[in-house]
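Build the complex: two chains, separate frames, hints provided.
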Amino acid sequence: MITAGIDIGSLTGKAVILKDNEILAWNLIPTGPDSSETAQEVTDMTLKGAGLSLDDMDYIVSTGYGRVVVPFSDKNITEITCHAKGAHWFFPGVRMILDMGGQDCKAIRCNATGKVTNFAMNDKCAAGAGRSMEIMADLLETPLEKMGKLSLDIKERLAPLSSTCVVFARTEVLGHLHEGAHKNDVLAGACEALAERVKSLLKRVGIEADFVISGGIAKNIGVVKRIEEKMGLKANICFEPQIVGALGAAVFAREILEKKGKRKKR
Amino acid sequence: MTTMERIMGIFDDPEQIVRDLKAKGKKVIGYRCLYVPEEIIHAAGMLPYSTFGTPEPITKADSYFQPCACEFVRNIFDLGLDGKFDFLDGLVLSNTCDAVRHLKNMWTTYIGSVPCYMLNNPQKMYDESAFKFYRHELEGFKKTMEDLSGNKISDASLRKSIDLYDETRRLLKELNELRKRDVPPISGAEALRISMASILMPKEETNALLLQLIDEVKTREIKDADGPRIMVTGSIIDNPTLIELVEDMGGVVVADDLCTSMKYFWYQTKPNEDPMDAIVRFNLERSVCACMHPSEERYDFLQEVIGGFAVDGIIYFNVKYCHPFVYESATFRKKLEEETPVLALEVDHSLSGLGQLKTRVQAFIEML
Ligand code: SF4
Ligand code: SF4
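Sequences listed follow chains A and B, in order.
Under my numbering, think of the first position of the first sequence as 23, with each following residue one higher.
Under my numbering, think of the first position of the second sequence as 9, with each following residue one higher.
Hints in this document: simulated from the structure, not taken from any laboratory.
Any given hint could turn out to be false.
[Unchecked claim] The list that follows gives simulated cross-link-like pairs (lysine-lysine, PhoX-like), each with its CA atoms no further than 25 Å apart:
| # | chain 1 | residue 1 | chain 2 | residue 2 |
| --- | --- | --- | --- | --- |
| 1 | A | Lys-221 | B | Lys-342 |
| 2 | A | Lys-225 | A | Lys-247 |
| 3 | A | Lys-281 | B | Lys-68 |
| 4 | A | Lys-221 | A | Lys-241 |
| 5 | B | Lys-168 | B | Lys-181 |
| 6 | B | Lys-92 | B | Lys-68 |
| 7 | A | Lys-171 | A | Lys-205 |
| 8 | B | Lys-366 | A | Lys-137 |
| 9 | B | Lys-181 | B | Lys-226 |
| 10 | B | Lys-35 | B | Lys-168 |
| 11 | B | Lys-343 | A | Lys-225 |
| 12 | B | Lys-231 | A | Lys-97 |
| 13 | A | Lys-225 | B | Lys-328 |
| 14 | A | Lys-252 | A | Lys-241 |
| 15 | B | Lys-342 | A | Lys-137 |
| 16 | A | Lys-282 | B | Lys-231 |
| 17 | B | Lys-68 | B | Lys-34 |
| 18 | B | Lys-366 | A | Lys-97 |
| 19 | B | Lys-168 | B | Lys-140 |
| 20 | A | Lys-252 | A | Lys-171 |
| 21 | A | Lys-225 | B | Lys-342 |
| 22 | B | Lys-278 | B | Lys-150 |
| 23 | A | Lys-225 | A | Lys-205 |
| 24 | A | Lys-137 | B | Lys-343 |
| 25 | B | Lys-34 | B | Lys-151 |
| 26 | A | Lys-241 | A | Lys-168 |
| 27 | A | Lys-225 | A | Lys-41 |
| 28 | A | Lys-252 | A | Lys-177 |
| 29 | A | Lys-225 | B | Lys-366 |
Isolated chain B (complex conformation) (with noise of 0.2 Å):
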C-alpha cells in the first residue's frame, strides 16, 4: 500500500484511530475551530479530535436553531443528538461566532454524553489587553484539560506538544508547496482528503506519514493541469466534494484558504520562553479566520497565495448562512477583482443542488 493509499484510508474512516486508542485508554477529545489550541489538550495526555461535519440534510436541528444558522454548526448538533460524537470524553468550542455560542447552549443542555466547553477567544488581535484576557481564558483551559485527564500539564511537555505540531504544519507546508509547481504532483481534492487526515490522526502517526509521503509524490504529475489555476475559499469546507466538481469542470485547485487546509497550517508558533505565551500569540498574531479583527491582514495571506501559487481565479464556498464569512466576502471581493477574477457562490453544507452550481463553476472556468 502507498502512503497516500493510507492516508485516503483513514480520511475514509477516521474513527479508526480513535477506536484503537480508546481501545487502550486514551481520552479522546473533541473540538471545533483553529483557535482550541490542540497542544494543550496533547500535553494533558489525550488526543485533539477535529470534528468535522457530514454532508447529510439537516433534521433535528431545525427544531433547535433558527433556520438561518449557520448549517455547519446545525449538522454538528444533528450528529450530536444521534449519539454519533458520544465516543469523545468531551468536546471543545471556541466562542468566535453567534452560531457557535448557540451551539454550546443547546449542547449542554441537550447532549449529556459529551461535556461540552467554551473557549472564549478574543476577536482583536495584536492587543495587549486581548493577550492578557486570552492567557487568562488559556489558563482555565488548561486547568480543565488537567482535570479531565487527571495529568498535569508541565512547561515541558507543553513544549514538547508545541514542536510536535509545529513539526505536523511544516510538513503540510513543505508538501502544499511543491503545489506552486507548473503540473502539481497533488489535486486540490487530494489535498484537502490529506490534511483533513493529517488534522484527525495523532501527530506522531502523520508526522512519519507526511514525511514518506512527499518522497512519494515528488516526482507525481497531476493528469489534468492545463485548465485555470484555482483558490478556493470560504467558510468551513469539510468534504472534497466541491474541489472535485471544481476540478470535473477543469479548475486546477492549487491552493485554498480554508480551515480544514492550508490556514491549518501556514503558520507556525515563534520561539518563545513562555510556551503558553506562544500559544497565545500565535493565535493573535496570526490571521486566520473572518472572526478576527483587523481582517487587513488576512487579506495580504490571500495576496500572498495568490501571487505564489499563480492562481488564475478565486471561488467561495460560502456556507449557509455563515455570517463572519459572508461579510468578509463582501468586503474582500472587490479589492481581489480588481486583478483576479472571482466567483462567489452559495452552497449548502449538505451539498445539495450542485447541479446548478456546476453550471457557474464551468462558465467560470470557460472564461478564465
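Bound conformation, chain A alone (with noise of 0.2 Å):
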C-alpha cells in the first residue's frame, strides 16, 4: 500500500510518500506564491525520487494551511491532528508535542495512539514563529542555520527581547545594536523570548515529559537548548522535524485505506 502525506505550510511545502509504514521518499520546499502549484512541484520531485508517479499512490492526505487547495489529494486533515499522528510514528511514547513552523505556533497533546487530546494555537501573527525568526536572522545579517548555535556562544547576558510584535522587535534588535552589543547576545535575546513564550502555549494544553518538537524551528539549537532549560525536559527530534505533518498525513492516508479494506482507484 503506498501512500503519500502533502503538507503545504506558509513557508515550506513536504511530501512525503509512504510504503506500508516505511518512508520511500520525502522532500520540502518554499512555498510560492501559488500553493497548488506548490503542492504540485513537491509532489512531483518526491514521486520522481520514489521511482513512482501519481498513479501509483493509493490514497492523498493534505495538510498544512495550504491542505484545501491540493488539488489531488484525497481527504484534508489539520496539521495540528497530523503533527501529533507523524511525532508519535516517530517517537510512540510521545504526549505533548510542539511544532513551530513558519507562521504560527502550536503545542498539543495526544494520547497513547497520537490521537490530540488538546491543543493551543498562536496564530495572531507571526512572533513566536519561524518567520521572526528569519526577520531575526536578516536584521542580523546571520544565516538562518547558524543562528542557533552562535546565540549559544554569548559575552553578555541582555534581556529576552520584550517585544511581541516583529516590528516592534526589530527597532529593539536595533538599539542593541547602535548601543555596541555583540550580535551573538542579541540573538540569544531573541532565542531567549521565543523560548518563553512557547512555554507558557506549552503550559495552557498541560506539561507533559515525552515531548517532541517539529517544525523548523526545530533545527536551531538555541531555541531548543533554551526550552529544554526552561521546562526541565529533553525534547525528541526527529532527522528532518519539518515533515513531521507530512509524514503524519501518509500515515493517516494508509489508516484510513486499512479501515476501508480496499484500494481506492484512481
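Here it is in C-alpha cells:
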C-alpha cells in the first residue's frame, strides 16, 4: 500500500511517500505564491525520487494551511492532528508536541495512540514563529542555520527581547546594536524570548514529559536548548523535523485505506 | 413555497416585515437584549423589533468608542449613525454591561433621529429587593411605552401579549427539541435562521408559521450527521456564518446557548395573577445571561442542554471584547472540560479572520 502526505505550510511545502510503514521518499521546498503549484511541485519531486507516479498512490492526505488547495488529495486533515500522528510515528511514547512552523506555533497533547486530546495555537501574528526568526537573522546578517549555534556563544547576557510584535522587536534589536551589543548576545535575547513564549503555550495544554519538537525551528539549537532548560525536559527531535506533519498525513492516508479495506481507484 | 423557504426569505430581508406594518401606521420599537420585555411593547400596540448587527467592519463608531468596547455595540452604533435604524420609532436598551451603557449615552447625544431609552435591570436574581427595583423600572417603562404609542396597557392586554409570546417560545422549543434526534431534522445554521426570523416577525405570524414548520420538518433528516455533536455558545452571535463554518468542518451543531436562539425560548413565564409580576419573575428567575448573578444556574442550564442533546463538544465564540462572557467562559470552561471538551475562540463581530479559525475548529472536530 503506497500513500502520500502533502503538507503545505506558509513557508515550506513538504511531501512524504510511505510504502506500508516505511518512508520511501520525502522532500521540502519553499512555498511559492501559488500553493497548488507548490503542492504539485513538491509532490512531483518526491514521486520522482521514489521512482513512482501519482497513479501509484493509493491514497493522499493533505495538511497545512494550504491543505484545501492541493488538487489531487483525497482528504484534508489539519496540521494539528497530523503533527501528533507524525510525532507518534517517530516517537511512540510521545504525549506533548510543540510544532514551531513558519507563521504559527502550536502546542499539542495526545494520548497513547497519537490522537489529539488538547491543543493551543498562537496564530495571531508571526511572533513566536519561524518568520520572526527569519527577520531577526536578516537583521543581524546571520544565516538562519547558524543562528542557533551563535546564540549559545554569548559574551553578555541581555534581557530577552520584550516586544511580542516582530515590528517592535526589530526596533529593539536595532537599539541593542547601536548600544554596541554583540550580535550573538542579541540573537540569544531573541531565542530566549521565543522560548519563553513557547513555554506559556505549552502550559496551556498541560506539560507532559514525553515531548517532541517539530517544525523548522526544531533545527534551531539555540531555541531548543533554551526550551529544554526552561521546561527541565529533553526534547525528541527526528532527523527532519519539518516533515512530521506530512508524514502524519501519509500515516492517516494508510489508516483510512486500511479502515476501508480496499484500495481507491485513481 | 415551503414554510422553511418562507422563513429563510424573512431572515434574508427582515425589514420587509417593518415596511408592511409601517405602511399600515404601526409603530416599531427596536430593542436589544433578552431583558427588554417585548410583551409590554406589544401590549401597547407596537412591534418590538430586535436590532441585530451586520457583519461589517466598524467604521465611524471607532471615533466614539474605545477600541476595547464590544464590537457588537460599535456595529449597532455605526448602523445608527448611517441611518439604518431610522425606521424605528424608538430604541430600548437594557442596562446589562458597560458597553451598552456607553451606547445609550452616545446614541442619545449623536443619533437624534431615534429616541433611545434605557431600561435598568437588576443584575441579581432571586432577590426580593431586586424584584421590587425591577417592578419599579418596569412600571416606568410601561408608562413610557404608553406615552409613545398613545395606547393604555391594561392587565388583560398584557396578559394576552404574554400568552402570545409564551406560545412562540413553546413552539420554538418544540421545534428545537427535534434536534435531540440522532439525525436532526434541521442544521444548526438553519435553526439559528429560524430563531432569528421568529424573533423579528410579529408573533401572530411567527406562531402560525412555526406550527406549519414543525409539521414540515418532522420527517426530515439533515445530510451529514456523522460528525461529533456540537453546542455553540458565547456572546452575541447574530450571524449564521460561524455555525456554518463549524458544520462545513464536519461538526453537527445540535444545540446552542445563544440569546439569538435557544436562550430566547428555553423558558416560559409562570402562571401569575399579576402580569407585571409574571414578567418580573420571568426575567429574574431564569438564568440566561453572563451579566446576571448568581451564575450557577446558568451552568445548570448548560449541563441540561449538554445532556439532553448528547453534546460531544462545546465551542465558545467570544465576540471581542465582551467582558461579561469572557469572564464567565474562563470560570465555566474548567468545569465543563471535566466532562466535555471545549474550544474557546475569540471572534470579530465583523467575522474577519475566519480562515485562522477554521484550522482550530477542524482540528477540534478531528479530536472529537
Ligand atoms: S447576552 Fe445578556 S446582555 Fe447581551 S443580549 Fe443576551 S441577555 Fe442581553
Ligand atoms: S456582547 Fe457582551 S459586551 Fe457586548 S453588549 Fe452584549 S453583553 Fe455587553
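Going through the hints against the structure:
| no. | hint | verdict |
| --- | --- | --- |
| 1 | Lys-221(A) x Lys-342(B) | holds, 20 Å |
| 2 | Lys-225(A) x Lys-247(A) | holds, 18 Å |
| 3 | Lys-281(A) x Lys-68(B) | violated, 55 Å |
| 4 | Lys-221(A) x Lys-241(A) | holds, 17 Å |
| 5 | Lys-168(B) x Lys-181(B) | holds, 20 Å |
| 6 | Lys-92(B) x Lys-68(B) | holds, 14 Å |
| 7 | Lys-171(A) x Lys-205(A) | holds, 12 Å |
| 8 | Lys-366(B) x Lys-137(A) | holds, 19 Å |
| 9 | Lys-181(B) x Lys-226(B) | holds, 14 Å |
| 10 | Lys-35(B) x Lys-168(B) | holds, 19 Å |
| 11 | Lys-343(B) x Lys-225(A) | holds, 18 Å |
| 12 | Lys-231(B) x Lys-97(A) | holds, 19 Å |
| 13 | Lys-225(A) x Lys-328(B) | holds, 24 Å |
| 14 | Lys-252(A) x Lys-241(A) | holds, 18 Å |
| 15 | Lys-342(B) x Lys-137(A) | holds, 21 Å |
| 16 | Lys-282(A) x Lys-231(B) | holds, 21 Å |
| 17 | Lys-68(B) x Lys-34(B) | violated, 31 Å |
| 18 | Lys-366(B) x Lys-97(A) | holds, 16 Å |
| 19 | Lys-168(B) x Lys-140(B) | holds, 24 Å |
| 20 | Lys-252(A) x Lys-171(A) | holds, 18 Å |
| 21 | Lys-225(A) x Lys-342(B) | holds, 15 Å |
| 22 | Lys-278(B) x Lys-150(B) | holds, 20 Å |
| 23 | Lys-225(A) x Lys-205(A) | violated, 31 Å |
| 24 | Lys-137(A) x Lys-343(B) | holds, 23 Å |
| 25 | Lys-34(B) x Lys-151(B) | holds, 18 Å |
| 26 | Lys-241(A) x Lys-168(A) | holds, 10 Å |
| 27 | Lys-225(A) x Lys-41(A) | violated, 37 Å |
| 28 | Lys-252(A) x Lys-177(A) | holds, 20 Å |
| 29 | Lys-225(A) x Lys-366(B) | holds, 23 Å |
When the structure is compared with the earlier hints, violations turn up for hints 3, 17, 23, 27 and for no others.
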